[in-house]
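**Q** If you want the building blocks of each chain, they are given just below.
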Amino acid sequence: MSVTTTRAGAQAPAAQAGSRRRRGSTARRPLTGVLFVAPTAVIVAGLFLVPLAILVYMSFMDWPLLGSPTANGIDNYRHLAHDSQFLGAITFTLLYTAITTVVLFAIAFVLVAISNSRRRGSRFYRTAFFLPYVVGTAAASTMWWVDVSDRLGVFNQGLQSAGLIHQPVGFLDTPGKALFTVVTLVVWKFVGFQVIVLLVGVQSIPGELYEAARVDGASSLQRLRYITVPGLKPTLALLTVLSVTGSLLAFDQFYVLTHGGPDNSTMTVVLALYNKAFQSFRLGDAAAEAVVLLVALIVLNVVQLRLLRRDRED
Amino acid sequence: MNRALRGTAFHVASMVLAIAFLFPLLWALLNSLKTRAEANQQPPSWFPHSLSVANYRSLATFDQGIGTYLRNSVLLAALTVTGSVLVCVFGGYGFARFAFRGKTLLFGTTLGILMVPYATILLPLYIVLGHLGLQNSLIGLALVLVMFQLPFGIYLMRNSFEAVPRELEEAALVDGASSFGALRHVSLRIVLPGVVTVALFSFLTSWNEYLAPLIFLNDGSKYTLPVMLVNIRYSSYNIIDFGALQAGMVVAMVPCLLVYLALQRFYVSGLVTGALRG
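Going down the list, the sequences are from chains U and Z.
Every letter in the first sequence is one number past the one before it in the working numbering, and letter 158, counting from 1, is 158.
Every letter in the second sequence is one number past the one before it in the working numbering, and letter 170, counting from 1, is 170.
Think of the hints as simulated: they come from the structure by calculation, not from any bench.
No false leads were mixed into what you were given.
These stretches of chain U come out as covered by chain Z in the derived footprint (C-beta under 8 Å, 3 or more residues):
1) 132 to 139
2) 270 to 278
3) 294 to 300
Pairwise CB distance ranges (calculated):
4) Z:Arg6 <-> U:Val42: 56 to 64 Å
5) U:Ile298 <-> Z:Leu258: 32 to 40 Å
6) Z:Arg3 <-> U:Asp150: 41 to 49 Å
7) Z:Leu258 <-> U:Ser161: 29 to 37 Å
8) U:Leu307 <-> Z:Ala37: 54 to 62 Å
9) Z:Met15 <-> U:Leu305: 34 to 42 Å
10) U:Lys233 <-> Z:Ala13: 21 to 29 Å
From the three backbone atoms N, C-alpha and C, an ideal C-beta is built for every residue, glycine too.
Model the full structure from these sequences, guided by the hints.
**A** Structure follows, in structure tokens:
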């Protein structure tokens, strides 16, 4: 069979027209193609498009968990405008997203510098930074909850042994400390992913560019400014989209570590949505919240993709 | 001299960071091997005075027993991985090799799943699964997780198949093989790295997923490991057993770490071809 390929390859320029006709031969059996994509189509229709339609429909209904739903127009959306918990959750989620994104990038750059080094051992360091990423968020959050415990958490123990604190700190006791603790967890768990993606980006910049710059006498700072940063732009944009989207949808870490407390100060949008649906059983209101979140994220993604595309055309 | 000094500084700084990242994982492992009393002692001891598997034993009797949760997690992962691989291989092949009406629309809609935050459609999915009789079922949960794997998996498999020369299959077709036969005997071998990547990603997602099982499963005997873990943490009616909790964490984390370490190169290549070319 490989003989056939080689021959076909050798005749490729002459057989351009022929190969187009052959392409036609598969295209002439559209039914086979449809059969291959049928499972995809069924799943996309049944588990994505239908639920999406139901979500929008639900958001215009008074929908208790038991009993029959009744239409109530845009009441659910009106409730949202006066729902202080939801509004508070939006503010907090935005704050959390801003902090997380900035801190993640700052630390990722340091770790990329280490991982990208030609020195021996950098592969080991890279793996060490990445391993937390493959651990589940629920397991990692549980772990953090144990480690920050003021009774037998290792973080307090370590700080005390080092003489930095004298009394154990309640890492989840105040809104500020709770947020700080969640951010440390998120950095530990997710920064490795950023590092790997940035590495792929850095390594895709052609080495000749650096060579040429060095010949022209550019300093390492200039090389960073004029070669690395512009070359990384698409990667940075992609990571920003992923980090912002991920943070806006944060749930596990808050559900496990803070449960939204103290005093609802760390209530995220998805956590508020979850509570509304599965604790208060107001599914219609929850659906309206989901629709608002959905529209916000689609707008955000479209804007980001536009910027990405424009960058690529430059 | 100066150079050697810089090398040492590099390694010292890097080592400190690497240890900071690995420490929480090792600490959980270390604690899980302490005796029950030592694991719950305050302040904690740095090193176990004696090694013990008592914490793993006490997991055996937590609620339904760790065996049940482990089995559920394995079953869910097996269903999700098998489902994602089958659907993505067939779908990717169909998109790469055939022309049919609605192809662009279907492909675009599949990628559109990425745009929709997953937490927002869990609510109506709960209702859809109810109508299908798949609420509180690992099969229903696996279907949902497969759906969320589709954008990445279909995109990756389509790219992989497109990179396979058509002539290879044409030869098999001439020899009388069916389209399915050509896929199975010829192209599938070449795109195997892509298949492994899809399998790896869906394994990690299904093994670690927390919110979806929390919502879709309401029967303790169906719970998966992450749900069990958080339940131990919230078992407020009695005092939390930190030893058992950390043993549970180790059971939940070790399979992911091992699978990742074994298949590392597929993870990165999957990122490069699948996620970053978008």
